[in-house]
Structures are given as structure tokens and as C-alpha cells.
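Protein chains: 4
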Amino acid sequence: MITLGENQYGKSRVRVMKVERSDGRHEVFEWNVEVWLKGDFTRCFEDGDNSRILPTDTMKNTVYSLARSSRASTIEEFATELVTYFLMNQSQVEEAGASIRSTRWKHIFTDTGEHSMAFIQDGSVIETVTVTYPRTGPVSVTSGFTGMAILKTVKSSFAGYLKDKLTTLKETHDRLLGTLASAAWVYVGTDQDFVAARVRITNTLLDAFAEHDSMSVQQTLFAMGKAALEAAPEISEIRLQMPNKHCNLVDLSAFGQDNPNHIFVPTDEPHGSIEACVRREN
Amino acid sequence: MITLGENQYGKSRVRVMKVERSDGRHEVFEWNVEVWLKGDFTRCFEDGDNSRILPTDTMKNTVYSLARSSRASTIEEFATELVTYFLMNQSQVEEAGASIRSTRWKHIFTDTGEHSMAFIQDGSVIETVTVTYPRTGPVSVTSGFTGMAILKTVKSSFAGYLKDKLTTLKETHDRLLGTLASAAWVYVGTDQDFVAARVRITNTLLDAFAEHDSMSVQQTLFAMGKAALEAAPEISEIRLQMPNKHCNLVDLSAFGQDNPNHIFVPTDEPHGSIEACVRREN
Amino acid sequence: MITLGENQYGKSRVRVMKVERSDGRHEVFEWNVEVWLKGDFTRCFEDGDNSRILPTDTMKNTVYSLARSSRASTIEEFATELVTYFLMNQSQVEEAGASIRSTRWKHIFTDTGEHSMAFIQDGSVIETVTVTYPRTGPVSVTSGFTGMAILKTVKSSFAGYLKDKLTTLKETHDRLLGTLASAAWVYVGTDQDFVAARVRITNTLLDAFAEHDSMSVQQTLFAMGKAALEAAPEISEIRLQMPNKHCNLVDLSAFGQDNPNHIFVPTDEPHGSIEACVRREN
Amino acid sequence: MITLGENQYGKSRVRVMKVERSDGRHEVFEWNVEVWLKGDFTRCFEDGDNSRILPTDTMKNTVYSLARSSRASTIEEFATELVTYFLMNQSQVEEAGASIRSTRWKHIFTDTGEHSMAFIQDGSVIETVTVTYPRTGPVSVTSGFTGMAILKTVKSSFAGYLKDKLTTLKETHDRLLGTLASAAWVYVGTDQDFVAARVRITNTLLDAFAEHDSMSVQQTLFAMGKAALEAAPEISEIRLQMPNKHCNLVDLSAFGQDNPNHIFVPTDEPHGSIEACVRREN
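Protein chains in written order, with my numbering: chain A, 2 to 283; chain B, 2 to 283; chain C, 2 to 283; chain D, 2 to 283.
Extracted from the complex, chain A is given alone in its bound form (with noise of 0.2 Å):
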């Protein structure tokens, strides 16, 4: 007999400004939301019944409401606000589901000050979050950020590594470690400062990036997420995912040139992908 399995459908893309006015000054947040909806859907897929469907027209319509009339100031707050809303509001759902991936703007800042109501794209890093929330069990909320390219030039090593017949690569104590970081971690509960969290988390693994001394992407990887969990007691695991961006040396002896880890390529294909999660036993 052939069955429908595991599904969800939502809406995906739905794209928000806000714009929060105050006297002197405004601040303006950007939001890519994504919401979705598990349940009891048999019946629409196997026999086209829509009677349990809410359309995904009406869920971007429910972003942009609830966005009006939300208090959240982050994304976690009001992905929170989201989930809640369908879960509560719609009794055949199981579990809503809720992603909005943030884009930061900040006010433009030159010599003659800062504008307190023109803006300017602040990096290319994107903050995350995704909430949960079954019928039968908590709000899970899981931040983080993807897009963040960093680089270090110094402490960082590959040797002792295992050879086989196939192994080419030469053993290194002193190379260019870059990677374009992805992190997710989840909370303990939802009842936290989400915006001091974040920034305490992130400066931290950015802090453990540069001061480690590296034998591989992996111990490193490892250095960062425990650092994370000891500086931010309400976080039980984090997720990195760090590709290895190789920077390859230029060989310039044909050119009778030295270089002295002074000129590389940075290359996009292939690439080092190393991910963990690290996480707090108890």
C-alpha cells in the first residue's frame, strides 16, 4: 500500500520591513520569514479535501498582521509570536514551524555623524532563527547566523594527519585559515535576552577563532563551540559548520620569486567541510 509520510507545507520568502519611528530617530529591521505547518493533512494529499487547509496565501497574510501589531523586537520573539499563533488558532495543526533569517541595517555614520534615519546595509553576515513548536511539547528555539567569512594568518597548523598511497598534501605549520561560519544554538527555554545572548555568543566565537592555536579546522571548530557554551549558560548545544576556504600559496619560483605565505588564491571549489555539533552533558 502506498502511504503519504512525513510532510509540511508553509510559505516561504515572505519578506517584511519595519520601520520603528520614534521623534528624533528610526530604526529599521529587515526579516525573510519562512512558516510552516505539520499535521493530520492526509486527506488533502491523498484526496484533495482542503477543508484543514490554511492557505499559504493566508499565512503570509498572518506574517504581515501580526508584524503590525507585534511588540517583538527580535526575531526571536516574534518567530515565537508566529508558531504560537497558528498553533493556537488552528486545531488540526501538530506543529508550527518558523524561520526568519534577519538583515542587518545600521544608521549611515560619517565624519559630519550619524544619521539618525538613513541607513546602510550593515555586512553580509545574516542572523537566524528557528522556532518549533509541537502541540504536545515546548517552544524550541535554535539562533544563530550564517555568512560570516573570517580569516586568521597566524596559529594555525595540519600535520601528523594520516597518509595513505593517495595523500599528496604537504604537512603545514603555518598556514591561512579561513572559512564563511555558519552557527545554530539552542536555548534553554524561551524566556531569555535574546540580543545579549547573541552578541555575547558571537564575540566569543570570534574571540576562540582568533586566539586558538589550530592543528585542524576540527579542534578549532571544537575551541569555538566551547567557548560559546561556557560563556552563555542558557544554550545547551550549538551547531558550527565552518567549510575550510582553502587560501592556496602561488609558487613563484619558476618566476625566480620567493613568497613567504605573502601572496595565496583564495578559492571557492573544492573546499574543506567540516560540521559539529558541541554540546553540555549533565
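It should be emphasised that the hints constitute simulated quantities derived from the structure, not laboratory data. Take these hints with a grain of salt, some might be off.
Identical chains blur together in the list; that is why a pair holds if it fits in one copy or across any two.
DSSO-like cross-link-like pairs, simulated, lysine-lysine; straight-line CA separation at most 27 Å [claimed, not checked]:
1) K166 x K39
2) K171 x K39
3) K19 x K246
4) K107 x K156
5) K19 x K107
Starting from the known structure of chain A, arrange chains B, C and D on it as the hints suggest.
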């Protein structure tokens, strides 16, 4: 105590172009390969002990060396060779995995006939496979595709859905139904005619999409998955992702023009996200 | 004194999906339209006087309204209608321009035959046109394509080139030649069978690429352009861009393997950039 | 007769990472370089005579070799060195050109202070330069940037524009004004403090964008260009591209909610395209 959780590492975006040269006719295969290993790498992550780490650079070399010696004519076979090689040769590895994305090339064909040694890229659909090989268990082969843009101009309605106070969508019995479909099907066993199965499954999905009298994307997705399972006894389940790429009818009434389903605005965002697994139950 | 120089404004990424509905068979056209105006807009730029500014929103509306009423069956004709409309209706405009990028859809075709009202996107080649209409002069139509990935496995050498002290490239008489070609050809007059010309020119370019005994990308580019001009008396010149997408032979000698032009690494960066115009001189 | 018209060839996407190592502090520069040559290459294109062709592979080598020996600290100086080298060393070349796109890295900075040898990518703005050197004439240096996302929440209106029968846009005196700006300014002479000029011009453009009481994007663009020219006597003209990235106010009235310019939908398509050159006339 802070410890290492799930982890893996490997090499991504290893690009291979393979040319098969027969006397009067060549064939080219373009593969984008990712390989990864799981196992007990705790001492590497926690202590910087690299003695059990096969470098990702060696993994890349392995892809090229095996590509040269391999007799595989499908991405399924080549991915299986890769994971088998890693599992057999690396005792510290508990599971090896490989994914391949294949860009198809076909012979250039014009009125003057076919050019046997010149090629043009064949469409934007990417053929995919993911093979995993845990030390404890059998090889698992999941094939599929991504990026298949399909569209139908008849037999698509959406009505009878749940309405709440935020619902503004109008019911329709004649809309465009477009999607950028991805599929992934799981084989029962690995001794298969992967080429024939891929053609049969893909054509069945296309036929079902075209012919289905759609009450919703969900229902069409299920009909497609069911048809594929019926046509392919060698697979046990199929996962389909069918984002609803909305084509919105343009309202021309302000200009004194009607628009009986002729002129639409195709959009990428926001879009509905519908995904489900359909499986055979014994 | 600081003054306004060359300027233009318009609307980009106006997406149109047009469905032609006959009784037994539909056709779909997907166009991405850009329109722009040039003229004396100095007072707008310098003084904020908008009285001669047709809003870009109106330009978008115009695209949709004309798409509905138009009988154009080609992007060349529709772009010409657009620029003619703007030039005829806006006396402040000195030149109107339109570019269209067309994504091709074809009927889904499987062993069960052709589906007359269901479609699949046809390849990744984008068909293009740019039409400009200056008030002083004739309409100019430039058609072409972009994104055509082509590759040949024989008849490509590169030798006898200039060597200086920084040259390390080895001469070769048997390499892969791959490119992501773009072409743009200029019609003599606008009363043309654009569909037939496009097919004839494209096929001629493909044949020439496949058959040419290439000493360099430059020579192959010229041979292709020359063949197109010979096959198409209705065009006066053709511009070709043929980035050299290098496929590098993998050196497997360290693994005791030969590699007689079987296994390559296709790369996107760096790449050679070769472009030229070929034209008919009277 | 069919002949060769304008043509050029070169190497694109030559990526360079340069690390400057002082005792206590490193700096990193990431450049994406394109170089090209023009000249009399007719016999190469028409006859396959490669004797005057410097291979693009050699051009790539030249970028790396000069990067090693160069004392250039700006992309303007390095691009000038490149074109000068090619013009001086290749007598068959009539004009050499180079473009560089620079991705900025800054030191990681947290509460614990600055990390002198660890870096994070600094925003998404790409700094650009194009330098051309014709044998007959002076070097021309055009600097700029691309990808600068800016937005203002006050002082933007659009009214008093031309209305025709297809105009539906409502006049507004309080809209969001957002753009993804590109700029390119031309230096008078090459003996400049390029770093200081870039900072001054960029800040002037940002200040003018923020403070301008905008009647239209066109007017704001001109005001920005004029301010830049006034602030930078070392440039003769500036070209600005300012696509109007519309933020559409969400109509929440169907849900009984007002929306006094709080909630918007940011969009990428369609978008207005406004570009102009502003120049100093003597």
C-alpha cells in the same frame, strides 16, 4: 561537561569532467562530488590529534583516482565505489557518504545532423544521488533530481480551503500551476538498472504532473509520488519538494482590458512550500 | 560648472508570462522585460521638476497592457512595439529602448507522447533582444542569446603563441574547448523573419563551433561569426563573447595512473575572456 | 567582405589574497582581477596565427608575479602597474586594461579588543577600479564601488509626475527610498591619494543621500553626484547607478489594521533603474 556531538567532515565541490572516447563518438560526464566521513574523531576535535584524520585533500585525490580507474557509467555506481573505498580502507570510519550532482551534456544536433564529439549542456535539471554506507549496515542509494521547472495551464484549481479572518485569497478553478520540483527516491537494494529506473520514474512524474486534475499542489504531489512508486517496484519511497511558484493574473481592468488567463506575473517570492514523502508500506 | 551628462531611466525585471490558448494546445512565453527612456530630463535631475517624468510604474503597466493587446509572437516584435509606443506617446523622449530575456518552455514529452498543456523549461540558454528607437533615426534590433554552454573534445589546439619570462603554459594539440557563449547580432532593417533567422544563426554557430579545427578560441570565434554572417544576409554584424572555461587535465602520475585525456577538472575561475565583433563590410 | 571588428582578450576572475606581515599586526587584501589587451590581432582571429598572442595563462601569472613584487597599497596603483607592464612589454598591444574588485577585510574587534592577525569580511560593498592605458594616450583611472545597499525613511516624495492613461501610481510625500548603489568616478591624472579620495567621495555620497530632500531618485542621484564633485576636485565626472528597490506599503485595512508607514514589503523585481553621469564642465 561539554562534549562533541554528531560530526562529519569531508570535501565538497570536487568537480570531475570525464570523457569517454570511442573511435567515432565521445561522451562527456560532468559531476560535482561531495564525500564525507563519520566515525570516532573525538580526539581530533577535542585534543588536536590528527592521527585518524584522512585529509580532505586526499579525499579529493581519491575522487580523481577512482574516476580514472572506475568502470562506473552512472553517478549511483560511482558514488557507491567511493563510499565503499573509504569504508574498506579507513578502519576508523563508521560511515562514509557521497553525493553527486550531474550536469547533463548532449551531442550538438542541428539540421546538418549530430556532432559526435561536440556537446551542449542539456537543460537546467541537475541529476542527483546520495549514497551512504554505515559499517553496520547496507549501502543506501537515494537518487533524484533538482531544478526541474514545470508548469501546466489547465486542470488546476484551489478551492474549499479553510478561511479565517486573515484569508483574502479568492477560490479558483483555473490557475497556472508551476513549480521548481526536486525529487529523491530510495532504492531497495543496490543492484539496479539505475539509468532505466531514472528515466521511468522521471517520465512517470512528468506524466502525472501533466495529467492530474489538481485540487491542490499537495494532492498533485501525492499523485506524482504514488505513480512513481507504482511504476518503480525497485524504490521504497520518494520525497518530493514542490514550491508553488505563483503566476499571478494581471488585473488590467483599470486600462479597460480583460485578461481571460492570458497575461501573468511569474514570481519567485513569496512562494508556497509543499513537501512530502510518499512511501510503500508492506 | 557641474552638469548632467548621459542619463536614462526605466524599469527592469518586469516579468511577463503569456499563455496562448488554442483549443487543443497551449503555448507559454516567459519574458523578463527592461524598458528605458532617454531625453531632456535635466530639470528633473537638477531641479526636481517631475512634470516630464513618466513614472517607471507606468512603464511597467505599459508592458502588461501591451502584452495583452499585442499580436507579437517574437521578443523582437514585442520589444519594437514597446519602444514605438513610448516614442510615439511621450514627446519629451528622444530615445526609447527595450531589452527582453526569454526563458523557453517546451511541451512535456514522454513515451506516452506530448502533453499539449503542460510544459518544462527548455534548457538554460536565454534568448535576448535589445531594441532602440531614437527619434532621429531608424529602429535598431539586436538579437542574441546568453548562457549557451558548449564543449568539444577534439580539434582544439593552442600552440605557437608568444612566450615571455612569465609563461609556463605548455603547448597542446588536443585539449577540451569549452565556453559559456553569448552572441548578439544586428539586423539590417526590422522586417525580418526573426524566428527563422534565430534558428539559422544559432545552428550555424553550433555547427561552426563543432567542426572548426581550432588553433585558438579567437580563431574559432571568428570562424563562427563569419559563418553566421554568411548564412544570414539579414544581419550586418555579430558580437560573440566566449569565455574560455578551462578544463584542466588531472595529473594522476603520483598515483601510478596515466590520464590520456579522460579525467579533467572543469573550472570557473580564472577563465580566459575572448570577445570580438565580426562584421560585413561593403 | 567579412572582417574582424572591435576585439579584446584577457583573463578574468584572477583571485589574489595578499597578506602584509608586520611584527605585531597583519593586513589582508582580497582582489579579484581582470586584465585585457587590445591591439592588432587580426591574423590571430582570421588565420590562427598565435605568434602575437600572449596566453591568458601568462597574464594570470603576471598578476601573481607583480602582486609579489609590487609595493602598491591600493587597487588603483596595482591596476596601473599591471596595464603599464603589459603595454611596455608587449609591443603588439595598443591598449591594456585592468579591473579589480576588492573585498574588504577588517580586524576582528570584540569587547576583548582588536585581534591583530584575525579578520572578518567588512560588509558587502565591493570597491572597484578600472584602469586603461592606450599606447597613444594617458592612463585613465576610474574608481568606484558596487553593492552599497542604502535606505532612508524620511525626506522622500514622488509627485507632480506625468500621468497618462496607464498611470495608476499614487503620489506620495513620505515613502521609503532604498537603492543598491554603484558609483564610478574618473580621476584627472593618476598622481592621487586614492585612499583619501575614496573615503571623502564615499562619505560625501552617503551624507548627500541621507540629507537630500528628495523629489525623485533622479534628483537625489544628481545631488549626490554634484556633492561628490564639489568635495573632490581630483575627479572630473561620476557615474551613479541607483536602482529603485521599492519597499511597498502593506495594505492591512482588510484586517482592520492601519499601517502608518510601519510595515513594508521590500522587493527586488520589478525595480526602477535610474542612472546618470554628472560631470564638471570647464
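How the hints compare with the structure:
1. Taking the closest pair of Cα atoms, K166 and K39 come within 27 Å of each other only across two copies (21 Å); inside a single copy the shortest separation is 50 Å, beyond that limit.
2. Taking identical chains as interchangeable, the C-alpha atoms of K171 and K39 lie at most 27 Å apart only when they sit on different chains, with a minimum of 24 Å there against 50 Å within one chain.
3. In this assembly of identical chains, K19 and K246 lie within 27 Å of each other by CA distance solely across copies; the values are 15 Å between and 35 Å within a copy.
4. Taking the shortest Cα distances, K107 and K156 sit within 27 Å of each other only across copies (18 Å), while inside one copy they are farther apart (33 Å).
5. Proximity of K19 to K107 under the C-alpha cut-off of 27 Å is restricted to the intra-copy arrangement: shortest distance 14 Å within a copy versus 29 Å between copies.
Going down the numbered hints, you'll see the structure goes against none, and every one checks out.
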